[in-house]
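Enquirer: If you want the building blocks of each chain, they are given just below.
Number of protein chains: 2
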Amino acid sequence: MGVIRKTQALEILLAEFENDSGAISAKELIKRLDSQMNKTTIYRVLEKLEDDGVLHSFLGNSGIKWYAKCNGCSKSRHIDVHPHFQCIDCGKVDCLNISMKIPELSGREVVASQILIQGKCEVCSA
Amino acid sequence: MGVIRKTQALEILLAEFENDSGAISAKELIKRLDSQMNKTTIYRVLEKLEDDGVLHSFLGNSGIKWYAKCNGCSKSRHIDVHPHFQCIDCGKVDCLNISMKIPELSGREVVASQILIQGKCEVCSA
DNA sequence: TTTATATTTGCAACTCAGTTGCATTTATAA
DNA sequence: TTATAAATGCAACTGAGTTGCAAATATAAA
Chain H
1 MGVIRKTQAL EILLAEFEND SGAISAKELI KRLDSQMNKT TIYRVLEKLE DDGVLHSFLG
61 NSGIKWYAKC NGCSKSRHID VHPHFQCIDC GKVDCLNISM KIPELSGREV VASQILIQGK
121 CEVCSA
Chain F
1001 MGVIRKTQAL EILLAEFEND SGAISAKELI KRLDSQMNKT TIYRVLEKLE DDGVLHSFLG
1061 NSGIKWYAKC NGCSKSRHID VHPHFQCIDC GKVDCLNISM KIPELSGREV VASQILIQGK
1121 CEVCSA
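If you read the protein sequences in the order shown, they are chains H and F. Anchor point for the first sequence: position 86 equals 86 in the numbering used here, and the numbering is continuous, going up by one each time. Anchor point for the second sequence: position 77 equals 1077 in the numbering used here, and the numbering is continuous, going up by one each time.
Worth double-checking, as some hints may not be accurate.
Here are the simulated BS3-like cross-link-like pairs (lysine-lysine), alpha carbons at most 27 Å apart as the crow flies [as the list claims (entries may be wrong)]:
1) F:Lys1069 <-> F:Lys1031
2) F:Lys1120 <-> H:Lys101
3) F:Lys1039 <-> F:Lys1027
4) H:Lys27 <-> H:Lys120
5) H:Lys31 <-> F:Lys1065
6) H:Lys65 <-> F:Lys1027
7) H:Lys65 <-> F:Lys1101
8) H:Lys27 <-> H:Lys6
9) F:Lys1120 <-> F:Lys1065
10) F:Lys1065 <-> H:Lys65
11) H:Lys69 <-> F:Lys1101
12) H:Lys101 <-> F:Lys1069
13) H:Lys120 <-> F:Lys1006
14) H:Lys65 <-> H:Lys31
15) H:Lys92 <-> H:Lys27
16) H:Lys65 <-> F:Lys1120
17) H:Lys120 <-> H:Lys31
18) F:Lys1031 <-> H:Lys65
19) F:Lys1065 <-> H:Lys92
20) F:Lys1031 <-> F:Lys1048
21) H:Lys39 <-> H:Lys65
22) F:Lys1069 <-> H:Lys92
23) H:Lys101 <-> F:Lys1101
24) H:Lys120 <-> H:Lys101
25) H:Lys120 <-> F:Lys1065
26) F:Lys1065 <-> H:Lys27
27) H:Lys65 <-> F:Lys1092
28) H:Lys65 <-> H:Lys48
29) H:Lys101 <-> H:Lys69
30) F:Lys1027 <-> F:Lys1120
31) H:Lys101 <-> F:Lys1027
32) F:Lys1092 <-> H:Lys101
33) F:Lys1006 <-> F:Lys1027
34) F:Lys1039 <-> H:Lys65
35) F:Lys1069 <-> F:Lys1120
36) H:Lys120 <-> H:Lys92
37) F:Lys1027 <-> F:Lys1092
38) H:Lys48 <-> H:Lys120
39) H:Lys27 <-> F:Lys1027
40) H:Lys39 <-> F:Lys1065
These are computed hints drawn from the structure, not numbers from a lab.
Please construct the entire structure, taking both the sequences and the accompanying hints into account.
Expert: Dropping the structure here:
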C-alpha cells in the first residue's frame, strides 16, 4: 500500500524530515505534532512512507522506532542499509554515510543487517 | 547489585542457558518457565546475571530482549560485543563468534555497538 | 462544479513486553 | 535456631505501538 493522496498529515510529516537532517523517532514526532494530528495517523503515514521508499526505519537503543530519509530506496529495494549512530548523552540519532562490510557466514544466507553504534556525538563529546 | 544467593529460580534459569547454545528471549523464557516462576522474577534474575557478566543482552528484530551466555565478560567490562544473527524464518538467534571492526568516526566517540544480522540460518537455508 | 467513492483520519479501546510497589517467603550468617 | 536482608509472587501499572469503526476528505468521474 503506497502513498496515494496528498493529505495535510503527509505534508506536515514530510516537512519534519526536510527540516531535520538526522533521524526522528515516532515518539518524538507524536510529541511534536500532538496538536496537529493523531498518533495513529503518524504511525500510518510513516508506514506508508517507508513502503514507498521515502523513509527507512530502524530500532534505537531502547527498542523504539526511528525514521530517516532514504537515499536511493524504492518500493522494492531498500539499498539504504547503513549504520546508525545514537548519542548516549543527548539521544540524537544520525545515519552514518559509510558502508560496513557484512562478513560471509558459512551455511547462512544474509538478507539484512542492522548496525547501531552508540557513543557521544560531535556536540556532546566536545 | 550482583547475584548473591543461590536460589532455585537462579539455577533453573542458568540451566536453560546451559542446554541452549544460542540466545533465548525473555519472552521465550517466560513461556518455558511459566509453571516454575513468575515473569517478574525472570526479568529480575536476568538483569542480575547480566550485571554479573554471566549473560549479555541485546534487542532482536522486533525490539524484544534476548539473552545469551557471555564469554569473558565481568562485572565491570562486557568484552563480549559481537554480532548476533537472527533467522527470519524460524526466529532463532545466535551469537556470531566473529569481531567486526567499527570504523573511526571523526568528532564522535564510539562507546558500544549493536549489530544484528538477519537472514536464513543453517537449517532454514538448506 | 457537483457527486460518488475509496482513502484517510480521529478516537477509544486494546495489545503486549517490560516495570513497580508491596506484602510474603526464603537463603544465609550470626 | 533465629534474625534479617534479599528474593519472590502478585496485581496493577507503563508506554510504544495496533486495531476496529464511524466520520471526514481527497480524488476521479460525470
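Enquirer: Tell me the numbers of any earlier hints that the structure contravenes, in ascending order.
Expert: Hints 13, 22, 31, 38 not satisfied by this model.
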